[in-house]
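Asks: Numbering that gives the first Met the number 0 numbers the first residue of the sequence shown as 0 and each following residue consecutively.
It is worth saying that the hints were derived from the structure and are not from the lab. These figures come from a predicted structure and were not determined experimentally. Ideal Cβ positions, reconstructed from N, Cα and C, are used throughout, including at glycine. Please note that the accuracy of each hint is not assured.
Unchecked claim - Calculated pairs, EDC-like style, for lysine to aspartate or glutamate (alpha carbon to alpha carbon, straight line, at most 16 Å): (1) Lys148 x Glu132; (2) Lys148 x Asp105; (3) Lys148 x Glu7; (4) Lys148 x Glu102; (5) Lys148 x Asp39.
What the hints assert, rightly or not - Listed next, with one range per pair, are the computed distances between beta-carbon atoms: (6) Trp123 x Asp64: 21 to 27 Å; (7) Leu21 x Met0: 32 to 38 Å; (8) Thr111 x Asp58: 18 to 24 Å; (9) Gly59 x Ser33: 25 to 31 Å; (10) Arg126 x Ser97: 38 to 44 Å; (11) Asp58 x His28: 20 to 26 Å.
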Amino acid sequence: MRLTYEFEWTVAAEQPSDIGRLDNGVLHHHVLPSARLIGDRLNANSVHPGTDLFRQLDDGYAAIDVRVLMQTDDGALIHVAYQGFVEPTEAFLQAVQSLTPTEFTDQSIRTTWTLTTGDPRYNWINRAIFIGEGRLLPAGDNRLGMQHKVYRAA
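Start from the sequences, fold in the hints, and give me the full structure.
Replies: In structure tokens:
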């Protein structure tokens with residue numbers, strides 16, 4: 000198996016609404032007002048705000064569950080969903096507090112992605128396996144943001 004770079008993903012996040020303590024961590028809900036996907040075969044912007052259910056786990060890690068509806072530059076609708084884990088290192092925690100970017104090596108943010116569409120021009124994404132790595136990239140206006148490099152397993 001080899002990994003082929005497919006696209007870059009950037010997303011902005013509002014301050015969270017705290018849902019509360021669950022059995023293995025604290026759940027937060029982030030509204031994602033904007034997202035952009037840029038690649039050689041796929042370019043899209045968010046249609047509506049997306050959502051991130053961010054769970055701070057008792058072991059120090061965090062679990063993310065993100066869903067966003069995107070529209071490609073040529074009009075196709077694509078549902079993007081990704082889940083994964085964040086290892087919040089000291090560099091990551093400081094960057095969250097100061098709204099500064101991190102490097103991809105400053106923390107471990109690993110994700111699995113599912114892209115779904117009914118548009119036959121992009122049917123290839125329905126059966127592709129995608130994985131990503133992420134970092135903090137503030138989105139301006141005192142907003143947290145993330146950048147992911149996303150690869151397709153081939």
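Asks: Each of the hints needs a verdict: does it hold here or not?
Replies: Now for the hints, and whether the structure bears them out:
no.: 1; hint: Lys148 x Glu132; result: holds, 6 Å
no.: 2; hint: Lys148 x Asp105; result: holds, 15 Å
no.: 3; hint: Lys148 x Glu7; result: holds, 5 Å
no.: 4; hint: Lys148 x Glu102; result: holds, 12 Å
no.: 5; hint: Lys148 x Asp39; result: holds, 13 Å
no.: 6; hint: Trp123 x Asp64: 21 to 27 Å; result: holds, 24 Å
no.: 7; hint: Leu21 x Met0: 32 to 38 Å; result: holds, 35 Å
no.: 8; hint: Thr111 x Asp58: 18 to 24 Å; result: holds, 20 Å
no.: 9; hint: Gly59 x Ser33: 25 to 31 Å; result: holds, 29 Å
no.: 10; hint: Arg126 x Ser97: 38 to 44 Å; result: holds, 41 Å
no.: 11; hint: Asp58 x His28: 20 to 26 Å; result: holds, 21 Å
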